[in-house]
Amino acid sequence: MSHPHPELSAPPKLPRGGLRVTPLGGLGEVGRNMTVFEYDGRLLIVDCGVLFPDDHQPGVDLILPDFGPIRDRLDDVEALVLTHGHEDHIGATPYLLRERQDIPLVGSELTLALLNSKLREHRLRQTPFYTVKEGDRISFGPFDLEFVAVNHSIPDALAVAIRTGAGMVLHTGDFKMDQLPLDGRITDLRAFARLGEEGVDLFLTDSTNAEVPGFTTAERKITPVLEQAFAESKQRIIVACFASHVHRVQQVLDAAVKHDRKVAYVGRSMVRNMAIARDLGYLKVPPGVMVEAKELADLAPERQVLISTGSQGEPLSALARIAQRNHNFVHLEEGDTVILASSLIPGNENAVYRVINGLARLGAHVVHKGNALVHVSGHASAGELLYCYNIVKPRNVLPVHGEVRHMLANGDLAKATGVENVVYAEDGVVVDLVDGVASVVGKVDCGYVFVDGQSVGDVTESELKDRRILGEEGFISVIVVVDSVAGKVSAGPEIHARGHAWADSDFESIKQPIVDAVNRSIDEGSTDTYQLQQTVRRTIGRWVSNTHKRRPMIIPVVVEA
1 MSHPHPELSA
11 PPKLPRGGLR
21 VTPLGGLGEV
31 GRNMTVFEYD
41 GRLLIVDCGV
51 LFPDDHQPGV
61 DLILPDFGPI
71 RDRLDDVEAL
81 VLTHGHEDHI
91 GATPYLLRER
101 QDIPLVGSEL
111 TLALLNSKLR
121 EHRLRQTPFY
131 TVKEGDRISF
141 GPFDLEFVAV
151 NHSIPDALAV
161 AIRTGAGMVL
171 HTGDFKMDQL
181 PLDGRITDLR
191 AFARLGEEGV
201 DLFLTDSTNA
211 EVPGFTTAER
221 KITPVLEQAF
231 AESKQRIIVA
241 CFASHVHRVQ
251 QVLDAAVKHD
261 RKVAYVGRSM
271 VRNMAIARDL
281 GYLKVPPGVM
291 VEAKELADLA
301 PERQVLISTG
311 SQGEPLSALA
321 RIAQRNHNFV
331 HLEEGDTVIL
341 ASSLIPGNEN
351 AVYRVINGLA
361 RLGAHVVHKG
371 NALVHVSGHA
381 SAGELLYCYN
391 IVKPRNVLPV
401 HGEVRHMLAN
411 GDLAKATGVE
421 NVVYAEDGVV
431 VDLVDGVASV
441 VGKVDCGYVF
451 VDGQSVGDVT
461 ESELKDRRIL
471 GEEGFISVIV
481 VVDSVAGKVS
491 AGPEIHARGH
501 AWADSDFESI
511 KQPIVDAVNR
521 SIDEGSTDTY
531 QLQQTVRRTI
541 GRWVSNTHKR
551 RPMIIPVVVE
561 A
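For the sequence shown, the working numbering assigns the number 1 to the initial residue and increments by one for each residue that follows.
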């Protein structure tokens, strides 16, 4: 991936007593969050998440932060702090631990429990855990950490104050200021104010909803909408949401009890995460409401509720398979109600609407964010950010977690409250805090790392370009046999095409020009098979472009006989 700031060079040596901040993901995008702090030769990492691929990255499973800038300094890492349990903040942790397994992991009870199940899948068992809660203070090397409760769309989220000799950094993580949260755990503004009185030298703030005016809608506003959907449904109800959204699942369970329905989970991650949340007490499961998914078939449709994964249209998710009628035991019937209780992650719109259309085609009544209040954001809107700036009164602000437009809007809010120094950075842009002033000092190479099956980092942008060409334009293979003694084509060309409605006979007119071009190249001294293959590629490429207005992938093979 090309760097967005070619004008920047490598950063200089960190001045003595300075703090360096290097984002390796999450700035300029929504996902892949990872920020590295350096002080006195030691490193602290906050979050290590994944980004999910879009349509322009075919075949890719996950996108990781680039560990390259710290790979030769992993022994300097004091700890990895995880602000909450969403995949875009913890999902890349197993891949980092493959490179150094004993990095201490610091997070809340639920966050570490969700991560631990992931680490077991990766067969990582030697990592030390440090469970913390709001109000706790703990040190790792030169980093003195204090944790603050924040409200988000997953329980047990934490902001972290990082004290060093260079000053104090306050990192909000993902947060909002819901004043009536379902679990009663609000963002601790008193702690924010106290830290502000002590002096916050650098404030890293969630930018996701900075363009949205006012305050984010409270989670409680969804309850009446869910209950109305339950009251109006005469058949089965399927609710799709994020597998980590404990609060939304709690609302569905409560509505099911009220309307005398039984509930089952569908989807491996949903079953696993809700079991963890229940065992730790974050999910209150009323007695007698839960059954196994296969047991629901024994109940009348009007007593069934399924809570499923797949709210983002993931092709292999439970909901997508239900929409395609190929789920093992869940078969949608006309009149069923499907509730998509989640937001649309940018880039997933087409996949989600494809699933919605598939469900509607089968006769389901689909309730989604576009036609009902079935989801609210987990991020602070502009009014909440202004509130925080006025309470904290930071000396410097670095907007994080969002696309460029989000971070710019967040910076404008900070300036409106009187913050004089707002620093804008993207992935790989290095910011130093020296003598109380934050500034951009350079960049490090920082690109996308693609996970493709068992392959990590082997797939490049060039190979993804080839995949896009294959998907959009198809390919043509050309086989030519050259007599190395006679110095001319002795057989072929044999031409085959895939991905277009071309018959082999369509290529008859180009066969002789290919033979002539190869023979001419040999006469001019080109005997290397690679050079002859390039001659074949250029000849048929020009012909396909001029004749069919297409640019397929061309695979020439020249064989010496």
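Hints are supplied without guarantee of correctness; some may be wrong.
For lysine-lysine, the following DSS-like pairs were computed, each having C-alpha atoms within a straight-line distance of at most 27 Å [what the hints assert, rightly or not]:
no. : residue 1 : residue 2
1   : K258      : K284
2   : K262      : K294
3   : K221      : K262
4   : K118      : K221
5   : K284      : K262
6   : K549      : K488
7   : K284      : K294
8   : K133      : K234
9   : K294      : K118
10  : K133      : K118
11  : K415      : K284
12  : K133      : K284
13  : K221      : K393
14  : K118      : K284
15  : K393      : K415
16  : K369      : K415
17  : K133      : K258
18  : K294      : K258
19  : K369      : K262
20  : K221      : K234
21  : K234      : K294
22  : K393      : K369
23  : K258      : K234
Quick list of simulated restraints, FRET-style, between CB atoms [to be verified]:
no. : residue 1 : residue 2 : range
24  : S505      : S484      : 38 to 46 Å
25  : T217      : A297      : 31 to 39 Å
26  : A416      : P104      : 37 to 45 Å
27  : Q534      : K369      : 24 to 32 Å
It is worth saying that the hints were derived from the structure and are not from the lab.
It should be emphasised that the depicted structure is a prediction, and the values quoted were computed from it without experimental measurement.
C-beta atoms are modelled at their ideal positions from N, C-alpha and C, and glycine is treated no differently.
If any of the earlier hints don't hold here, list their numbers in rising order.
4, 6, 8, 11, 13, 16, 17, 22, 24, 27
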